[in-house]
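Peer 1: As you go down the protein sequences, you meet chains A and B in turn. For the first sequence, numbering that gives the first Met the number 0 begins at 0 and goes up steadily by one. For the second sequence, numbering that gives the first Met the number 0 begins at 0 and goes up steadily by one.
Careful: at least some of the hints might be erroneous.
Copies of the same chain look alike in the list, so a pair counts if it works inside one copy or between any two.
[To be verified] Lysine to any residue pairs mimicking SDA-like chemistry, simulated, CA-CA at most 20 Å apart:
1) Lys166 <-> Glu71
2) Lys166 <-> Asp154
3) Lys50 <-> Lys98
4) Lys98 <-> Thr46
5) Lys127 <-> Ala1
6) Lys50 <-> Arg64
7) Lys50 <-> Thr61
8) Lys127 <-> Thr46
9) Lys166 <-> Ala3
10) Lys98 <-> Glu37
Worth flagging that the hints you see were computed from the coordinates, not collected in a lab.
Protein chains: 2
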Amino acid sequence: MASARGFTLWFTGLSGAGKSTLADEISRRLLRHGIGHEVLDGDVVRTHLSKGLGFSREDRDTNIRRIGFVAELLTRHEIPVITAAISPYREVREEVRHKIGSRRFIEVFVTASLDELVRRDVKGLYAKALHGEIKNFTGVSDPYEAPVNPEVTVDSENESPEQSADKIWDYLVQNAFIRVEQLVGHA
Amino acid sequence: MASARGFTLWFTGLSGAGKSTLADEISRRLLRHGIGHEVLDGDVVRTHLSKGLGFSREDRDTNIRRIGFVAELLTRHEIPVITAAISPYREVREEVRHKIGSRRFIEVFVTASLDELVRRDVKGLYAKALHGEIKNFTGVSDPYEAPVNPEVTVDSENESPEQSADKIWDYLVQNAFIRVEQLVGHA
Numbered sequence: 000m001a002s003a004r005g006f007t008l009w010f011t012g013l014s015g016a017g018k019s020t021l022a023d024e025i026s027r028r029l030l031r032h033g034i035g036h037e038v039l040d041g042d043v044v045r046t047h048l049s050k051g052l053g054f055s056r057e058d059r060d061t062n063i064r065r066i067g068f069v070a071e072l073l074t075r076h077e078i079p080v081i082t083a084a085i086s087p088y089r090e091v092r093e094e095v096r097h098k099i100g101s102r103r104f105i106e107v108f109v110t111a112s113l114d115e116l117v118r119r120d121v122k123g124l125y126a127k128a129l130h131g132e133i134k135n136f137t138g139v140s141d142p143y144e145a146p147v148n149p150e151v152t153v154d155s156e157n158e159s160p161e162q163s164a165d166k167i168w169d170y171l172v173q174n175a176f177i178r179v180e181q182l183v184g185h186a
Numbered sequence: 000m001a002s003a004r005g006f007t008l009w010f011t012g013l014s015g016a017g018k019s020t021l022a023d024e025i026s027r028r029l030l031r032h033g034i035g036h037e038v039l040d041g042d043v044v045r046t047h048l049s050k051g052l053g054f055s056r057e058d059r060d061t062n063i064r065r066i067g068f069v070a071e072l073l074t075r076h077e078i079p080v081i082t083a084a085i086s087p088y089r090e091v092r093e094e095v096r097h098k099i100g101s102r103r104f105i106e107v108f109v110t111a112s113l114d115e116l117v118r119r120d121v122k123g124l125y126a127k128a129l130h131g132e133i134k135n136f137t138g139v140s141d142p143y144e145a146p147v148n149p150e151v152t153v154d155s156e157n158e159s160p161e162q163s164a165d166k167i168w169d170y171l172v173q174n175a176f177i178r179v180e181q182l183v184g185h186a
């Protein structure tokens, strides 16, 4: 048996860094422990809350504020939330942290070098961005402001997803966001 | 002691009919029973999720879908939700009902005659709308499609807010949305 209090696990990092992979892995672990929670997928939110918004700084910030608004509601009602939007701008991330409350906001910075991301390029987006076919592409033609003091940093270039997920999970347990009666392996 | 399962209490009706008054009264009663819940106020949602949207049918529908998206999330996690937007169009209300699930969606139609609303005109909006100073004003220059088969209908012209709130509260108790160990008065 396990239980949780409300928190927002806020992944941030470049496209392809591994935010969604880790969000899904943490979601699976929570499910395995019977802990209800919500994953606010960036694409789903864009469809339901932010249709019509583009990728200018203003529109990106609005999208992030909306994710933050929903995350705050759920977190306040003790539902753990996982978000995995690029969220490139520091200022609006801090605004969301403040709104949710810094005791419940866990910023997870997912890093990997641009070289590595261009090498992976799972969706072929970096190639297009580098050829100027996509405008406002974070890390190429648009800025990414790395967190100054994230609660957790994971390096997807030098860690396996399992290792990264372990770091995040340990943070959640050690800070009493989740309470697991008997620690079990994740194998 | 009391407990609740997730539901969405969806108020619909013309401006000034008494949706917010009743939403607040039900909210107070839930609080008095220690039942956590969320009121999704129409203005707050417009500020946080729908800034930039106007009052065309398309924009109104988008706003209602966004309220529905958030209400569904909370309801699914067993958090009772109260919404009080005019929500004039039947089709999108039915869409939200379907999304949340008809077993958990409680449509509350708050009625009053237009004459009565023009007489009250608490915010002075009807006078402006009737003089053509506000476009797209529901009930005057924009349609309102009344629910065909709402779970609860209250008549704010012929009932006191307490009487209307009692009807809604009784519906919640009788349908086991809330369980109150000992029924106490609301005086």
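Peer 1: All hints, please: hold or fail.
Peer 2: Status of each hint after checking the structure:
no., hint, verdict
1, Lys166 <-> Glu71, "neither (24 Å within a copy, 32 Å between copies)"
2, Lys166 <-> Asp154, "within (11 Å within a copy, 57 Å between copies)"
3, Lys50 <-> Lys98, "between (23 Å within a copy, 18 Å between copies)"
4, Lys98 <-> Thr46, "between (23 Å within a copy, 15 Å between copies)"
5, Lys127 <-> Ala1, "neither (45 Å within a copy, 57 Å between copies)"
6, Lys50 <-> Arg64, "both (14 Å within a copy, 11 Å between copies)"
7, Lys50 <-> Thr61, "both (11 Å within a copy, 9 Å between copies)"
8, Lys127 <-> Thr46, "neither (23 Å within a copy, 36 Å between copies)"
9, Lys166 <-> Ala3, "within (17 Å within a copy, 36 Å between copies)"
10, Lys98 <-> Glu37, "both (18 Å within a copy, 17 Å between copies)"
Hint violations for this structure: numbers 1, 5, 8, all remaining hints satisfied.
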